[in-house]
Structures are given as structure tokens and as C-alpha cells.
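Guided by the hints, dock chains B and H onto chain V, whose structure is given.
First to last, the sequence lines map onto chains V, B and H.
Per the numbering used here, the very first residue in the first sequence carries number 1; after that it's consecutive.
Per the numbering used here, the very first residue in the second sequence carries number 1001; after that it's consecutive.
Per the numbering used here, the very first residue in the third sequence carries number 2001; after that it's consecutive.
Warning: the hint list may mix true and false statements.
[As the list claims (entries may be wrong)] From the structure, some residues in chain B lie toward chain V, with a derived Cβ separation under 10 Å:
hint: 1; residue: T1077
hint: 2; residue: T1091
hint: 3; residue: D1289
hint: 4; residue: F1293
hint: 5; residue: E1294
In short, the hints are calculated from the structure, not lab data.
Even for Gly, the Cβ is constructed at its ideal location relative to N, Cα and C.
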Amino acid sequence: MTLSISKKIIFYVLLIIFSLLVFSPALIALLMSFMSSQDIMTGKIIPTEFSFDNYAKVFDRFPLFQYLINSFIVSIVIMIGQLLLASLAAYAFVFLEFKGRDFIFFVFIATMMVPFEASIIPNFHTIRHLNWLDHYNGLTIPFFATAFGTFLLRQNFKQIPTELKEASQIAGIGEFKYYLTVVLPMAKTSLITLGVYGFVTSWNMYLWPLLATTNDSVRTVQIGLRQLQSQEQLNEWGVIMAGAIIVVVPTLILLFLGQSKLQKGLTEGAIK
Amino acid sequence: MRKRKYLLGAFMLLLALFIVGCSNKSNGNEGEENNGTQTVTFWHSMGGAAQEALNSIVEEYNQSQDKVTVNAEFQGTYDEALTKFHSVAGTDSAPTMMQVFEIGTKSMVNSGFIEPIQTFVDEDNYDMSGLEENIINYYKIDDTFYSMPFNSSTPVMYYNKDAFKAAGLDPEIAPTTYKEVIDVSKKITEANPKMKGFALQAYGWLYEQLLANQGALLMNNDNGRTDTPTEVGFTDEQGKSVFNWVKQMIDDETFANYGTNGDNMVAGFLAGDVAMFMQSSASARDVIDNAPFEVGVAFIPYPESIERQGVVIGGASLWMIKDKSEAEQKAAWDFMKYLQTPEIQAKWHVGTGYFAVNPAAYEKQEVKDAYEKMPQLQVTVEQLQSTKSSYATQGALMDMIPEARRISETALETVYNGGDIDKAYKDMVKQMNEAIETANKARK
Amino acid sequence: MNEIAYQPEFQTSVNFTKEKKKQRISNLIKGILFLLPSILLFGVFLFYPMGKTIYLSFFLTDNRGDPTLFVGLENYVKIFQSSNFLQSLKSTLLFALFTVPGTILVSLVLAILANEKLRGIGVFRTIFSSTMGISVAAASVFWMFLFHPTIGWLNRIVEAMGFEAVGWLTDPDWALLSVSISTIWMNIGFTFLILLGGLQSIDSYLYESADIDGAGYFYKLRRITIPMLSPTLFFVLTVTLINAFQTFGQVDMLTRGGPQNETNLIVYSIYQEAFMNYQFGTASAQAIILFIIILLLTLVQFKLGERKVHYQ
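Bound conformation, chain V alone (with noise of 0.2 Å):
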């Protein structure tokens, strides 16, 4: 579909218009990153003069290396953990038939309504009573299991032709090691997709670790950015945005480099 240059144009146009709305927040939150307290309140667009101040003082503010950790700590164990529960619930759904196989779907299905804030006192009081809480175990453990993860990679999985499972049944290779030979090297895209996708709903997660930590030893960085926002005093918006823009750095990254996987893998699970 070659298109004429006026068609071109057109397009090229509306990219960058829609491309500035949806960046815009974050663009200005940068500029603000850098300006002073002074130059907020008085409504400057451009910093008078830029400065690190604001991200200095997010550093002081509270242990930002150490947040920074705990969450990539925090989000690689649970991508991990979810990839792992997710691919062996997902093949039980697709290659094994036994009784109850589609209700016990459909209850995993299920699961996904259930509001996660409803649940959170009760699973508080089990992490307490497990000694896990101020705990890598407490922030990670509860979400190895997703019904969006099982979902998305049974829909892969099924693409997989029936005939290899028969051959390889024919040849007598164990289901475990079909799953961890065939099946998991074929639904590499869909793997990396839900590993991304982990990463970054748990990098995002802020309520769960906020109740679940009393301390700063395992806190992440969404604490932190709560942290820097004051109940009886005035906001300082420069050094908010500075945090607000340390947070966001690590996630926008990843997703630039995989974007492209993500989105096919995404879609493979949205379409069949």
C-alpha cells in the first residue's frame, strides 16, 4: 500500500501530533524535574536554569539505590516465577484431558474478577502469620500464580500442532519433557511477552508492598515516590517529578527494547 505524498503527509502530521499528546506528560514532567521550587510556583514553562537539585534530594530523601534493587529483585522473581506457573498450568490446559480440565479453567478465568484490593487484609494477615513479611518472599510468592499469564500462553500453546504431541508420545518422551524440549522453545514469543508484561505490572505494584513492608530493607520505588509526597505540608513538585521520573526510566527502557516481541506476542494471544 504505497501511498501518494499528500496521503503521506497527512499521516506524517497526525503522528506527531498524537505523538506529542500522548508524551506530553511525561515531557513535562521532565522539564519540572529540573526546575526549582520557585520557578514551579510562578508557572515557568522552561527552567531558568537547569539543575540535578530535585534529584539530588530525591536520593537523600530515602534509599533510592537500595528501592531501585528490591524492585528489580522484586519484578525479575516474580516474571520468573509467573512464567514458570503460568507455562505448566497453561500445558496441564492444552495437552492433558482429565476430568474437570474446562471448570477448573474456567475458575482460573475467574479469578481475574476478583479485585485485588478486597483481598488484601486477609492475605496480609497469612504473610504475617508465614513470617514473611519485610520479606523478598512476601512482595513475590502471592503473584507466581496468573490467570492472565495461563491464559495468554494457552492460547499459544494451542497452536502448536497435534501431531508433534503424538510423535512425541509415539517416541515415548515423558510430558515433562516434552513441555520443557518442544513446547517451551516454540512459545518463545509469547514467553518473552508475558515475561515483560510480569516485569512491569510488578515494577508498577505499590499498594501490596506498601502494606507488606514495615521497614526499608525490601521496599521498592513506588514507596518511594508516595514518600516524597507530604500529608500536612506543601508538595515539593520538583523533586516529586524527579522521583516520579526515576521510576518510570527502567520500565520505558525495557519495554523499548522489546517492544516489538511484546506487541506480537501479545496478539497472539488476543486473536485465537
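Only chains B and H this time, still in chain V's reference frame:
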């Protein structure tokens, strides 16, 4: 093949992290000795600039001696922190001491998991009379001191002195009654149509304060101080006076509506969109520092038909948690005492704008210097010290006040947005009474 | 043929059923093993809390969340009589009405634009998907500032155009819309990616044959793109709808449920009831009602959707 190695690697990583995590048993056992010092876990809700000030004080304390190490840990907003506390009270995960907002007082007392500081006051023969009476009275129930005040504030009225001058008003004289505020607001908007006269953040605390200033009780049974409340304590006239006052200004088009957002209100003031507003004294420094004009601070207004009664102390206090080792509690008590010394109080007061609980702090040089540069700061102290002591100004004691605040905020917003006053008021009272009833039923 | 085949069939049929049974049991065991970790975690962190929630919804509770007084269905009755809850329901439905079509429409337009094979299209695609990497906390900070009545950019633009400043988050007429706008923005990244993928998997020969017939741009859009995209649209619709009903973060940071409970979406109302009012009983009742609503809506959607979606 790559997948297999990848999985194996993932397993190892998980295992390693698990092991690391297990050994990372930081605050499971609090009373532990930390390099030979006694550890004290201190839960607080100070964010923003106040957190900086708090952290520096804690660090100084830790460095000044080698017997006690205080770990100050941020737990979210006052609401979130209190919820967390209720979930861990009575277990190992509970902290040694905790900062709780003033309306959480009854909730803490009811929990049964706190140790009133009276115990330590008696043991130590600590002289509470050296501290500001109007502040400690809030936390005294039946002649027992339950918690140690820490960051206290009161509401004040800020006004734009330059705008007053421009409207032909004396910048040194602020309006004192509701009627005067109405009149001044009209003059302001006449002189400058772009500027509104007055803003009142839809904040339950401010409403409570305006009630107290009239001598009105928030809850019955002497504001809950002689017995558990069963319904609201203010009369229709007292409760509605605020609504009517605001409505007058809305009709005059002199009222600036910022809803529940205090930050926006202050920003509006600083930008010259509104000439007067009510807020916590804790913001005084920030407001005065950031304003491109001269800022005046005044007492909060009252209806002209009654006499000014004064204000209730706001902010938060420090609580000692029960069932910790004696050594741990003694260490926490030592830290609490440290926080009340004039030097630290002066530092805290000047650095944050919260009150000095110990009036001796006002004699300190840094406070005197600060007052010279900002004499407005003294007004906040004057308002507190001239408050007439009564059940109304002592403050209400009830565990569902957080809920009551939200109900009053909704009522205020309804009025701000042009709703019918009588209906808003009736709904508010009905909902508050229902909430009181439920809370009483649900308590063990 | 029957005579000859009868004997062997008779013999093997016995073994056959036995074999089948063995296979079925072994499959069941294998199935359970593969599913065990997920089921275990779901059980502990989802089903157990749900059970507890159902249980608590029949009680009044103390500050710790322990049930103190059995009240049967009273909590449910109280909720349906309370104007606040009915307001929450209304707000949540309205919110879903704003955000679901809003998100899909905007993302669709972006996806269609970004589907063109133009130079440098990758940059645009990255920008459009970027909102997926911005957490609710950070996004809310961005939008809190944009909506600021005095120094916020939106009001500055509005005033520059000669209109009066809008109380984006303080005016009950605007608040829900404002929260919806910020939510739509946050959802664009994810939805855009899915829709783009859907577009790219449409067979190009369909367009080529349409070109040969001389079809215009919008004709192709209407007759080819949208129908072929319908399975993807359906998926996006389901996910966005479920997410709309579970919105919490933005409300907590932008409006805290106000003004006048206009933005007190159900999940936030549950949170407030439990965490600030310590009424875990009524909060649990609200949670159960929410779950039932989402379940019903999803079932309805699937029933309707199956008929309208055009599969290959």
C-alpha cells in the same frame, strides 16, 4: 537446549534469592541488640520535608550516645500506618513506638496494645507541666497521659498583606469574625476582580476547629471524654454556622473553591488568586518563604454572636507499644524525652513549622532568630496559648472520627458546589450518627 | 466382516477400557501436578481471602478486622440503602462507560496510524506504547500536576483560549471525566500494542484485492479492517472492562474519592470502608457485590460477543 539452561539458571536464581531473603531477617525480632546497643523501632508517617528534619534528628540522637539506636521507618499516611498497626499489634512485628494522628487516639487506647506514657512519667518523675498545657491536655484522659505529643499544629488564617493594602485595608489588621471575613472578601474582589477573598479547604479538621472555636462539641458526652459518645455534640446553629458563612461568600462570588485539596489552595494563594485561606500552622514557613508578597498570619475566625474560644491541637503524638522488653521500652522513653528537650524542639519547630511542645524552646536563639525574620510564626503560638480550656477545645475522643471527617468533607463540598445547605447538613448529621452507632455496636 | 472382526474386538475391548482408565487416571494425576503450584497459590491468596470476605460480610468487625457481631444480611441491606454506595455504583458504571470505549477508540486510531509502512514508524510505535511502562503512581503524579487549578498546564491552555479555569478534580461535574482521561492515557500503551498486533496479522491480500477494485481508504477501513480486527477488539473490550471495575490507584492519588464521592469507585469505596472506617464487614459485602457484577458483565459480554465477532 537454551530453554533448559535458562530454566535451570532461573531455578538457581530463585533459590539463591530465597536463601538471601531468609537470612534477611531484619525486623522480625525487635528487642535485639544492634552492635551492643538497644534497638528501638519507630513507625512514623512523616513524608516530604518533615521526613528530612525527622531523619536528621534521629541520626543526631543515635550518634550522640551509644546505648540506643532508633530506626525511624516510614509507614505511609496516618491512615495507612494506623491500619498496619492494628494488623500487627500484639505480634512480633509491632514496633516499639509509633506516631499516630490525633484522631487515632481513642482507637489506640481501645486496642489494648499500648502502654500509657503515664507509667514512664511516674517511674521517672518526669515533669509534664513543663510542656505546653493546651497540647498535652489533648492526650490526657482521666488524669492519665497516654501519649507524648510530637508534631502539633493548629489552624491559622493566612492573608495577603499586599492585597489588603491594594484594597485600602490595613494590612496589620486581619478580620476576626465571620462577618468581617465576608466584608473584607467583598472589598478585595472589588479592588481586584481577578482575586477571590477567601478559601476554605474541605478538610474535616478545619471544620472541627471552626466548631471548637465556637465552643461547640464535636461529640456528645463531653466530646467523648467522660463517656463514649452516642451522637454528635454540636447544635444545628453551631454546625450550620460554617455552612451559612461559606454560602454567603459563594453568593457574593468571593469564595474560592479548591475542594479537598490543600496543595491547590496554597498554590492559588501564592499565585494571587485568593487573598485569605485557612490551613495548618505547619505550612507557615513554606507559605511565607514561597510567597512573592508579604504574608500575614491571624487567628481563625468565629461567629460574631459568640466569644472566641480557641483551637484544638492537631498533628500527631508518640505512643509506647505494650509487650516489649523493659530495656526496649526504657530506650524508647529515653528517645521520647530527648525529643522534648528545648534544643530539639527548637530545631523541629524552626525546621518544620510544627509547634514546640516544650515552650522553653521559644527561648532558644534559633527560634528567636526565626521569629525576627518571620514574626508571623509567633501568632500561631499566641492563638494556642490564649485558648480557653474546655471540653470543646480539648478535642473529641472517638475511634470513628476519621470517618466523621470524610462525612463533613462531603457536606462541605456539597455546599461549595451550590447544594442545599439544610439537606447537606441533615445528611451529614444523619451519617455521622449512624457511623457512631455502628462503631459502638462493632466494638468488642 | 462382522464374524471375523468380532473375536479380536471382544478380546481387545476389555483391555481397551482398562487401558483407557489407566490413562485417564494418569492424565488426571499429571494434570493436577502441572496445575498444583498455581492452584495452591490461588487457593491461599485468592480463594481463601474470598472465602474470608464472604464470611466477614455477615458480621460487624473491630479495628483489627476480627468479627464481633453477627448481623446476617444486614450489611447488604444497609449498603443498598446507602446513597454513598449507590453513588459508587453509578460512578463506576459511568467510569467504565467513559474509559472503555475511550481507550479502545483512541488506541485504535493510533494503531491504524502506526500500522502504515512509513519511515521511522518505529519511533512513533515506541512512543505510543510508552504509557504501559509508566506506573499508576507516576502517571497520577503527572496528571495531578496537569490538572492543577493554578499552575497546571490544562488550565493555562484553557485560560489562554479565553475560557474560565476548570476545577478538573474539584468540580463534581468534571472530576469523573478527569480521572477517566488520565486512565485512558494510562491504558493506551497496552491496548495500542494489542491492536497494532491485530492489525498486522490481517492478510494483506484482502487489502490488495480491495485496491484492485478501487476501494477508498475509509471503505477499506470499514469493510476490512474493523471486521477482521473484531476478535482482537473483543479481547481488548473484555480486559479493559474488567480493569475499569478494578481501578484504584488513580482515585487514591488524584481525588481520594471526592468531590462529594463523585469518583468514589467501588474498589476505592471498599478500601475506604475497610482501611479508614475499619468496617471490614460492610467492605466485604461491597467486595462480594462487585465480584458478582463483574462476573455477570463478563458472561453477558461473552454471550453477545461470540455472536458478533467475525472469526476467520
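Tested hints:
1. For B:T1077, the interface hint holds, since its Cβ comes within 10 Å of a Cβ in chain V; the closest pair sits about 6 Å apart.
2. A least Cβ separation of about 7 Å between B:T1091 and chain V falls short of the 10 Å threshold, and the interface hint therefore holds.
3. The interface hint given for B:D1289 is met, as the beta carbon of that residue sits about 9 Å from the closest beta carbon of chain V, less than 10 Å.
4. The closest approach between the C-beta of B:F1293 and any C-beta of chain V is roughly 12 Å, which is over the 10 Å cut-off, so the hint fails.
5. Interface hint at B:E1294: violated, since its Cβ lies 16 Å from the closest Cβ of chain V, which is beyond the 10 Å cut-off.
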